[in-house]
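Undergrad: This is what each chain is made of:
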Amino acid sequence: MINEKRALILVGGYGTRLRPLTLSRPKPLVEFANKPILLHQVEALVAAGVTEVILAVSYRAEQMEKEIMEEANKMGVTITFSHESEPLGTAGPLALAKDILSRSVQPFFVLNSDIICDFPFRELYDFHMNHGKEGTIVVTKVEEPSKYGVVVYDDNKCIGSFVEKPQEFISNKINAGLYILNPSVLSRIELRPTSIEKEVFPYMAADKQLYAFELKGFWMDIGQPKDFLKGMCLYLQDLRINNPAKLTKDEGIVGNVLVDPTAKIGNSCRIGPNVTIGPGVVIEDGVCIKRSTILRDAVIRSNSWLESCIIGWRCSVGRWVRMEGITVLGEDVIVKDETYINGGQVLPHKNITVSVREPQIIM
Amino acid sequence: MLKAIILIGGPQKGTRFRPLSLDIPKPLFPVAGLPLIQHHVEACAALGNLKEILLIGFYPVAQLQEFVNDMQKQYNMTIKYLQEFIALGTAGGLYHFRDQIRYGNPDAFFVMNGDICADFPLAELYRFHKQQNKALVTIMGTEATRQQSLNYGCMVTNKDTNEVTHYVEKPSSYVSTLINCGIYVFSLDVFPVIAEAFNAKQEEYYRNGNGSRDTGYIQLEQEILSPLAGTGKMFVLQTSNWWSQLKTAGSAIYANRHYLELYKTRYPERLYTPSGEGGCAIIPDVHIDPTASVHPTAVLGPNVSIGPGVSIGPGVRIRESIILANATVEQRSLVIYSIIGRGSRVGQWARVEGTPSDPDPNKPFAKMDNVSLFNSDGRMNPSITILGCSVSVPSETILLNCIVLPNKELSRSIKNEIIL
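As given, the protein sequences belong to chains A and B, one line each in that order.
Mapping of the first sequence onto full-length UniProt numbering: position 142 corresponds to residue 142, and the numbering continues sequentially without gaps.
Mapping of the second sequence onto full-length UniProt numbering: position 20 corresponds to residue 20, and the numbering continues sequentially without gaps.
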């Protein structure tokens, strides 16, 4: 018990940025590349020897808890829910889970639940143990650091400071939302709504107790549809390099595509590049899909053309439909034959009978 | 014996029909598979005693020669194209070629505007004309809405005698909802009336120095029909049959639909009926030229005309559209409310879509609104999409409410634009 590895995942609130998908399913259970977002993280944690995962949630979702428990049992990991009575930010949940986290002498992992990457938890652990200080932040390189808070550190990876949205170039490394912290850090956090980035890390850095671990490979915060699709492209490309056998190879499949074995694809289709197709999905003849995610049991009828879309569970997209420009269909949306949807979000159980030529939210 | 005159205008006219009239004279634009004025010719040929059709206009002879030859052969009657040396107006041409019209001393002659679409009840119109006492002119009339009537020739009649008591062309305020359809029967005795107008103009110019040098230019509506109103020599036959003008390219889709509908009763063999293997699925009415090739998995209709030599690929969907000769519509693409020009190409999974501008179905007697390209804010009005000849639409793009001039290779999706 005393040596077990633990992790805390900051699930937070309702995942409003990923609506309308999160109106039907809690965000951690929304499938990213045919697997619930949370499972990507939990599987990687289990692979790194984590035996107990604490999910910090600020709302109750029985469906989520039940489904997650089932998955956890399969993987032999203990899942604990830490419920916040009010949203506690990014640091408060750690204080709330203090008892569990401090039961082991081992450092614990902390993850933002929207992050998708290669999750190098083993290397991170080794790196952390090697420098021996209180905490390690995973950092990732971005093209335009001025949009983010950047992390400034020395050649030994010891973090000196954090700079919010730097106007002049200081660094292109940003906080990737993954940490490993010693239980001693818990004494730095009060039980109140508080931000780990703003109210904990700067003090640790001042004490030279915080190190940066540079992430190799892709990274994406998939908390909103645009980035969800971007993250999917990066994830599939990562599979191409590291695990190409997982990608689907077939006639009519172009580039990096992931098709669940239970999905059916018709003749004369062109699927890909960058498409994931979930279980039970039916794609009829002559369909073209690019850069999209089709979730479980959706039906795409013949001769439709889709680009940059997320098609929700059990949706039905009619024949000769054209859909593009980050269109997100909630669960069980029906799109009539021959319509054109040019971006926007469609709430669950909606019946779309006329074209939507400009992006909008369809209630 | 009867004759018929079809007034076809010239290349400077019908500019609102561009870009479709850029490579083919507007009177020859195919609607429901036939050149626009062939529908007129056909109605004339159906009258047993009509011996000669004269096309009057100022298009170069070469542009009409082939059509005239074709018509002569097909309908086995005399058809001539009489070219005006200069635009002479709707009555000036009649007067200039009066001898040609009078040859053989016909009992009467029909005059039809080339840019109208109708079921041409010519026999009924002639019967009505004969019944009137000393009628010089009988006009086919129809009901319009109060507002739309201002765009037409408006007539006031004596309800008992059907005599036209007042005629105003395109009034600025409301006169009557009974409008002139541009289909007439004239007695030969109308020529002295036109001669009078002609001579008066000559005199006015040469003696008094007033008026224009184009003394032969006479407008039928303003200079002949207006003065004839109230003289007891001009009558109107009011019909409620389908009738429409073909002014803008957008109205071609509407005209196409109605001619296809007429085929149902008059020429059912021109409508495509899926038969046996190899036929494509259709939603009536659809006309497919026998030389066109349509893949069995394509779905066409309603209201679609496919021209000669056209190629339609697998899984294509077309409705409310006209596909002109030798165009190619590649697999899985969708064409709605559009006209695809001769030899144009629509790439696979492309979407070519326009916005219909049909008459308001909720208003009785509403006609096609020939809306202008731009609204008062200078923004383009949504219209049907028109591809001129030899335009290429790339695969997987969308073309929405666009007008594309001929010989253009597009490279991207375009919405609400005119592409020069």
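Derived from the structure by calculation, the hints contain no laboratory data.
One or more of the hints may lead you astray.
As the list claims (entries may be wrong) - Some chain A residues flagged as far from chain B (calculated, every beta-carbon gap over 10 Å):
1. Leu96
2. Ser268
3. Gly286
4. Asn303
5. Glu338
6. Arg357
What the hints assert, rightly or not - From the derived model, a few chain B residues whose C-beta atoms are all more than 10 Å from chain A:
7. Ala46
8. Thr78
9. Leu150
10. Pro171
11. Gln222
12. Thr231
13. Gln238
14. Thr297
15. Pro314
16. Gly315
17. Gln331
18. Leu334
19. Ser392
20. Ile398
21. Leu400
22. Glu409
Unchecked claim - Derived Cβ-Cβ restraints for the label pairs, each shown as a range:
23. Pro166(A) / Lys415(B): 35 to 43 Å
24. Glu70(A) / Lys415(B): 41 to 49 Å
25. Pro308(B) / Asn242(A): 34 to 42 Å
26. Glu169(B) / Thr353(A): 37 to 45 Å
27. Thr16(A) / Pro290(B): 57 to 65 Å
28. Pro244(A) / Pro290(B): 33 to 41 Å
Please read all numbers here as calculations on a predicted model, not as lab measurements.
Backbone N, C-alpha and C define an ideal beta-carbon position, used for all residues, glycine too.
Undergrad: Next step is simple, just say for each hint if it's right about the structure.
TA: Results of checking the hints against the structure:
1. Leu96: holds, 51 Å
2. Ser268: Nearest chain B Cβ is 7 Å from Ser268(A), so the label is violated.
3. Gly286: violated, 4 Å
4. Asn303: Check fails; 4 Å does not lie beyond 10 Å.
5. Glu338: The claim is violated: Glu338(A) sits with its nearest Cβ about 6 Å from chain B, within 10 Å.
6. Arg357: The claim breaks: Arg357(A) does not keep its Cβ more than 10 Å from every Cβ of chain B (closest is about 7 Å).
7. Ala46: With a cut-off of 10 Å, Ala46(B) remains clear of chain A, as the shortest Cβ separation is near 38 Å.
8. Thr78: holds, 48 Å
9. Leu150: Leu150(B) clear of chain A: closest Cβ-Cβ about 33 Å, beyond 10 Å.
10. Pro171: Since the minimum Cβ distance to chain A is about 38 Å, Pro171(B) lies beyond 10 Å and the statement holds.
11. Gln222: holds, 44 Å
12. Thr231: holds, 54 Å
13. Gln238: Given that every Cβ of chain A is farther than 10 Å from that of Gln238(B), nearest at about 38 Å, it holds.
14. Thr297: Nearest chain A Cβ is 8 Å from Thr297(B), so the label is violated.
15. Pro314: Nearest chain A Cβ is 7 Å from Pro314(B), so the label is violated.
16. Gly315: violated, 4 Å
17. Gln331: Incorrect as stated: the minimum Cβ-Cβ distance to chain A is 7 Å, not above 10 Å.
18. Leu334: violated, 5 Å
19. Ser392: The claim stands: Ser392(B) keeps its Cβ more than 10 Å from every Cβ of chain A (closest is about 18 Å).
20. Ile398: Not fine: 6 Å to the nearest Cβ puts Ile398(B) too close to chain A.
21. Leu400: Given a closest Cβ separation of 7 Å, the condition is violated.
22. Glu409: holds, 21 Å
23. Pro166(A) / Lys415(B): 35 to 43 Å: holds, 39 Å
24. Glu70(A) / Lys415(B): 41 to 49 Å: Between Glu70(A) and Lys415(B), where Cβ atoms are some 48 Å apart, the hint holds.
25. Pro308(B) / Asn242(A): 34 to 42 Å: Roughly 56 Å apart at Cβ, these two residues miss the hinted range, so it is violated.
26. Glu169(B) / Thr353(A): 37 to 45 Å: holds, 44 Å
27. Thr16(A) / Pro290(B): 57 to 65 Å: holds, 59 Å
28. Pro244(A) / Pro290(B): 33 to 41 Å: Violated - the Cβ-Cβ distance for Pro244(A) and Pro290(B), about 52 Å, lies outside 33 to 41 Å.
Against the hints set out earlier in the document, violations occur for numbers 2, 3, 4, 5, 6, 14, 15, 16, 17, 18, 20, 21, 25, 28.
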